[in-house]
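Those protein sequences? They're chains A and B, same order as listed. Residue numbering for the first sequence follows my numbering, starting at 17 and increasing by one per position. Residue numbering for the second sequence follows my numbering, starting at 17 and increasing by one per position.
Any given hint could turn out to be false.
Each pair may be met inside one copy or between any two copies, as identical chains are not told apart.
Said to hold, decoys possible - For lysine-lysine, the following DSBU-like pairs were computed, each having C-alpha atoms within a straight-line distance of at most 30 Å:
1. K18 - K131
2. K18 - K117
3. K272 - K193
4. K188 - K272
5. K146 - K188
6. K247 - K117
7. K301 - K131
8. K117 - K193
Because the hints were derived from the structure by calculation, they are not lab data.
There are 2 protein chains.
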Amino acid sequence: MKLSRLGEFGLIERIRRSAPTRRGVRVGIGDDAAWVSHGSGSSLITADLLIEGIHFDLNWTSLFALGHKSLAVNLSDIAAMGGTPAYAVLSLGIPRHFDSKQIDEFYRGFNALAKKSDVALIGGDTNMAKSLIISVCVIGHPPLRPVRRSGAKVGDDVYVTGTLGDSALGLKLVRQKPSRAKRISIAQLLARHHQPAPRLAAGALLARRHLATAMIDISDGLLQDLGHICKASNTGAAIWHEQLPLSRAYRKFAAKDGTVWALCGGEDYELLFCARRRARAQIEKLQALARVKFTRIGSCVPANQRITILDHGGNPLPLPIKGHDHFKK
Amino acid sequence: MKLSRLGEFGLIERIRRSAPTRRGVRVGIGDDAAWVSHGSGSSLITADLLIEGIHFDLNWTSLFALGHKSLAVNLSDIAAMGGTPAYAVLSLGIPRHFDSKQIDEFYRGFNALAKKSDVALIGGDTNMAKSLIISVCVIGHPPLRPVRRSGAKVGDDVYVTGTLGDSALGLKLVRQKPSRAKRISIAQLLARHHQPAPRLAAGALLARRHLATAMIDISDGLLQDLGHICKASNTGAAIWHEQLPLSRAYRKFAAKDGTVWALCGGEDYELLFCARRRARAQIEKLQALARVKFTRIGSCVPANQRITILDHGGNPLPLPIKGHDHFKK
Chain A
17 MKLSRLGEFG
27 LIERIRRSAP
37 TRRGVRVGIG
47 DDAAWVSHGS
57 GSSLITADLL
67 IEGIHFDLNW
77 TSLFALGHKS
87 LAVNLSDIAA
97 MGGTPAYAVL
107 SLGIPRHFDS
117 KQIDEFYRGF
127 NALAKKSDVA
137 LIGGDTNMAK
147 SLIISVCVIG
157 HPPLRPVRRS
167 GAKVGDDVYV
177 TGTLGDSALG
187 LKLVRQKPSR
197 AKRISIAQLL
207 ARHHQPAPRL
217 AAGALLARRH
227 LATAMIDISD
237 GLLQDLGHIC
247 KASNTGAAIW
257 HEQLPLSRAY
267 RKFAAKDGTV
277 WALCGGEDYE
287 LLFCARRRAR
297 AQIEKLQALA
307 RVKFTRIGSC
317 VPANQRITIL
327 DHGGNPLPLP
337 IKGHDHFKK
Chain B
17 MKLSRLGEFG
27 LIERIRRSAP
37 TRRGVRVGIG
47 DDAAWVSHGS
57 GSSLITADLL
67 IEGIHFDLNW
77 TSLFALGHKS
87 LAVNLSDIAA
97 MGGTPAYAVL
107 SLGIPRHFDS
117 KQIDEFYRGF
127 NALAKKSDVA
137 LIGGDTNMAK
147 SLIISVCVIG
157 HPPLRPVRRS
167 GAKVGDDVYV
177 TGTLGDSALG
187 LKLVRQKPSR
197 AKRISIAQLL
207 ARHHQPAPRL
217 AAGALLARRH
227 LATAMIDISD
237 GLLQDLGHIC
247 KASNTGAAIW
257 HEQLPLSRAY
267 RKFAAKDGTV
277 WALCGGEDYE
287 LLFCARRRAR
297 AQIEKLQALA
307 RVKFTRIGSC
317 VPANQRITIL
327 DHGGNPLPLP
337 IKGHDHFKK
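Bound conformation, chain A alone:
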């Protein structure tokens, strides 16, 4: 079967089914991070591969930002399990024409976020390559009970942190080669794309206080990642269109695109989580500690109702095409 037909998630399911397992694996393939035992301790592990020409273009991003981002996307996965990152392994494929200054710039970005997040760089691999390849693996400490995608129940509220769609909208706008003046005003959107802020405090607080029943980070667009929670939890979800948290910059520049980038854009690296209705007051209070806004955008419904977007009258809106799949065209 062609990969473009199987799709990314068909492929992952195929890999998962045949993957060897062993004692000590508490969460394997299919969540934001794996959870495994080491004697009496345990850890969370996640990995991401970023490839020049596929995930990034050096014409639109600095090497500093890329260093930051390649760690941030992994920290975001640890955050989505409610964990605390501790160690990072970084493997690079480096084009021959690079010089040591460029490499230094990349590491400055990576190390700056590592220091800020109390993460040690403990190893990796360096190789020649035709284009830049960045492979990062992060190991973190789990909370008592890591938050999985599968714990949501019908009636749970659905929340997101921060604002949605900025990253994808920013990327779209910069690709249109905007004027210098406009570039300055879309800088805020683009910063979300280039240097996403992993929601580590929010994830850890929600997990430690046992408030999140299910959690995922939004890397492939709200609808797609909500789909992963719904599938794993065997629920549907009804999302209030008017509740989608949009930044001022997004409202200013999205124009006729409306909420499509907020729903499907991808690379937000915000957390999407579910919680019991009775936890509303506690979650409301947690925002200050987590230093990020939580927005209640909907609720979990029976699985046969699938995912719907509702207008202010409660009527379903047409669903836009879902988020990113690496293999489907």
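With chain A fixed as given, assemble chain B onto it according to the hints.
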């Protein structure tokens, strides 16, 4: 500075110096694997990146063998610390023209070695790419005292497991497009290249019995990897040329190349270790349990004597050019 001038090991040293660290890092950048704490437990972590056109050519290797090898090279690093592998994370960049059968073949090779070595595949990342990219991270359980590169003392014996040079010689011969008959007779050499056997039992036994004072896996050629031990341990080493363990196939096909592939070839994935002279009898006995031959090839000498290769009369032979550096030409 150009990367080709800095070289792979100059780059690694540069990265190591600026790498952020934290509590819990027991061994960081600069050994075969890192060693870190997780609460009361600890683990070994290593990573390798294999890139099509740089590390392998799909004209000369099957996807099954490549799956095997991409795990094997990481297990070899865990073996070199004396550890036991437990978990693997596999990220792939997959060319669009691949179909699911090809991916399955790769995973069959990977999973076969994983099952044999009691390793669980717990996660990773799948992406599109222009050429095949394989990034593996392996997490293992450490022995009580992982064996580092830095513990050798002047007077220690130097040993290697198995035979040297088969992998590099096999690769050289197959590149010369040999006749069908010759291809069959060099199959044994090539198998060492395509499906190396990580010396897990040997590494774990040497560590558990506290016999190895320093250890490394030979991935970049005996001389280069011996250089890493000597540098970390602040010793030199004298190697007896006649003691180099060569396979029957190597002796048959190496011809005028002599021992150059055994000294500098790379990708042997044998263990190179040092041990006290008084441990000779114990090490001799351990071979049966480890199911691999140990050959004593020389001894550690003061650092100012550097590394020398001696003929049967004890006279130094000219040193061939060292092993592989990804960036130097």
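Comparing the hints with the structure gives:
When the C-alpha separation of K18 and K131 is checked against a cutoff of 30 Å, the pair qualifies only between copies, where the shortest distance is 27 Å, while the shortest distance within a copy is 43 Å. For the identical chains of this complex, K18 and K117 are inter-copy neighbours only, at 9 Å across copies versus 41 Å inside a copy, given an alpha-carbon limit of 30 Å. For a Cα distance limit of 30 Å, the shortest separation of K272 from K193 inside one copy, 19 Å, qualifies, whereas the shortest one across copies, 61 Å, does not. Taking the shortest Cα distances, K188 and K272 sit within 30 Å of each other inside one copy (13 Å), while across copies they are farther apart (61 Å).
When the C-alpha separation of K146 and K188 is checked against a cutoff of 30 Å, the pair qualifies both within a copy, at 27 Å, and between copies, at 23 Å. For the identical chains of this complex, K247 and K117 are inter-copy neighbours only, at 27 Å across copies versus 46 Å inside a copy, given an alpha-carbon limit of 30 Å. In this homomeric assembly, K301 and K131 come within 30 Å of each other (Cα to Cα) only inside a single copy, at 28 Å, whereas the closest approach across copies is 48 Å. Taking the shortest alpha-carbon separations for K117 and K193, only the intra-copy value of 27 Å comes in at or below 30 Å, while the best inter-copy value is 41 Å.
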